[in-house]
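All chains should be built: construct the whole structure from the sequences, respecting the hints.
Chains as they are written, first to last, in this note's numbering: chain A, 1 to 289; chain B, 1001 to 1308.
By construction, these hints were calculated from the structure, which means they are not laboratory data.
Taking beta-carbon pairs under 8 Å as the criterion, some of the chain A residues facing chain B (in silico):
| hint | residue |
| --- | --- |
| 1 | Asp18 |
| 2 | Ala22 |
| 3 | Pro279 |
Here are the simulated distance ranges between beta carbons:
| hint | chain 1 | residue 1 | chain 2 | residue 2 | range |
| --- | --- | --- | --- | --- | --- |
| 4 | B | Ala1020 | A | Glu14 | 36 to 44 Å |
| 5 | B | Glu1307 | A | Thr209 | 41 to 49 Å |
| 6 | A | Ile226 | B | Ala1298 | 30 to 38 Å |
| 7 | A | Phe161 | B | Val1274 | 52 to 60 Å |
C-beta: ideal position from N, C-alpha, C; glycine also.
Read off the chains here:
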Amino acid sequence: MTGTAEPLFVLPGELAIDTDVARQVIGAFIQGQLRQAGFERAILGLSGGIDSALVAYLVAEAIGAERLLCLSMPYRTSSASSRTDAASVVAALGCAFETVDISPMVDAYFASEPDAAPLRRGNFMARQRMAVLYDRSVTWRGLVVGTGNKTESLIGYTTLFGDSACAFNPIGDLYKSQVRQLSAAIGVPEAIIRKAPSADLWPGQTDETEAGFSYPELDRLLFWRIDMRRSVEELVAKGFERATVERVDRMVAGAEFKRQVPPIAKLGPRTAGVDYLYPRRRPGSAAGS
Amino acid sequence: MQPVRIALAQVAPRLGDLEANLARHAELIDEARGSGAGLVVFPELGLTGYLLQDLAADVAMRLDDPRLASLAEATRGLSVVVSFVEESADHRLFIAAALLEDGELRHVHRKVHLPTYGMFDERRFFAPGDTLRAVPSRLGAGLGLAVCEDFWHLSTPQVLALDGAQLLVNVSSSPGRDLARTHEVGLGTATSWRTLMRTYAQLTTSFVVFCNRVGVDESLSFWGGSEVIAPTGAAVFSAPMFDEGLFCVDIDLADVRRERIALPLLRDERPELVAREWRRLIAERAGLAADSTADDGAAPGFDVAPER
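Dropping the structure here:
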């Protein structure tokens, strides 16, 4: 112990946002998405990590905790602290909570694929959680709220049709550092803000050891490269390592497909996404309308 | 004293739901009349919502549309600015802002500048207007109508003011973005707009009336923050960001005279000089005239050669 408390999180200056405005915009966004779809309730997968905890707080703030169902979907190797952290969010918010153990369904599949590598298993689990979430969204009569952040989306640290699947995402344009800033402002428990981010796909996994850089560093790099349109040379001049910038560039380019709707072969006179362009919700779209 | 009460209808239109939006407009016009307003301003595409894409053709109205006539009917004793998709006789679609007064359609402004970059795709779905005209109003002052992006071009407020506008009315659907903590009001878009409006009010010595919508279309959150700026460039009123509401603001049109006497900027404008220089520029850009002040190797009409 040094006597000086570790800061709750590291926030690069250029990434600092006005959290009051963010809460206002996101709150109205959540209300608007639900209203336009004709839904009153929401459901999300609560992992015990900061992203889903923040979204739970934002949804509860926007529509009331009684309209939110949080699902914990652990696999048997999931860390026990994930579950206690998820429980602490639910206790603080007072929202509905259910646990669905995905171990039997995952194990049933991999019983005949014993040599499957951890990545395959991790992706399968993410998609299994998606399937459970969408099934429970029917009985809860709520929309599935996405919990992925901008950093992981840009570098492709997501499972296609897994954790990225949702009806709408309130935090997908916030970098991890900004997720931490907003989490602190809205009152997410400190233990959740402090702990090392992890996809929890296998024991002891953390995002930062797996990717090889810290989130504040990566967030700054992405902010200057993408939001501020700086060249590789300009980033190097700012003090970023060239090799790191080039590696991140490749990750971003390699994940382009994960951020877009799959292309449809253009054959007919009007094709969805090409020259048949409508808002996702329009008169007649809302459930029960 | 020439007092006027302005009602800013900072609404959240229902996307693509013309009937619901028409009904809401009629309600708010009545409410504004009850509050003693002389001018009521609704935001860009307040009758249709903003992110229409292929819905634009479905919600378009001809200027002789009976629904527009009924809305005009509700404006007896008032000046009201509304905005919708206008379909012309030759079936072009415009983003239009109309002045309705005393039961009649008095003037239509078709959005001149259609942003088609970044998050915007307006030129794909709409045709640009070709005229900028100030119009007299029952308020006893000239109005200059403009729609959102029209104000991101310096010529718009200048032409309108020189044409006789004393109130520049901008109706907008401006999506909020950039939450960097360093911004004056926590939103980059709001900071930029506030700078523009104060500058235009001062440089044209006119009132600037800005009505921006709120609510959400798809990913976009519209930030409201409607304002009235005096001819001195000072804010008379700033509506809250993101909140729906009908906000009433009292102004004195005599402030235009006072400011223009004290600061005769409009008197000193040189439209003939500007027109001459612009004609020269247009000819040079088209390669129809030599540019006497250009570097060797500069593109036609651009005086500075590219770096070698």
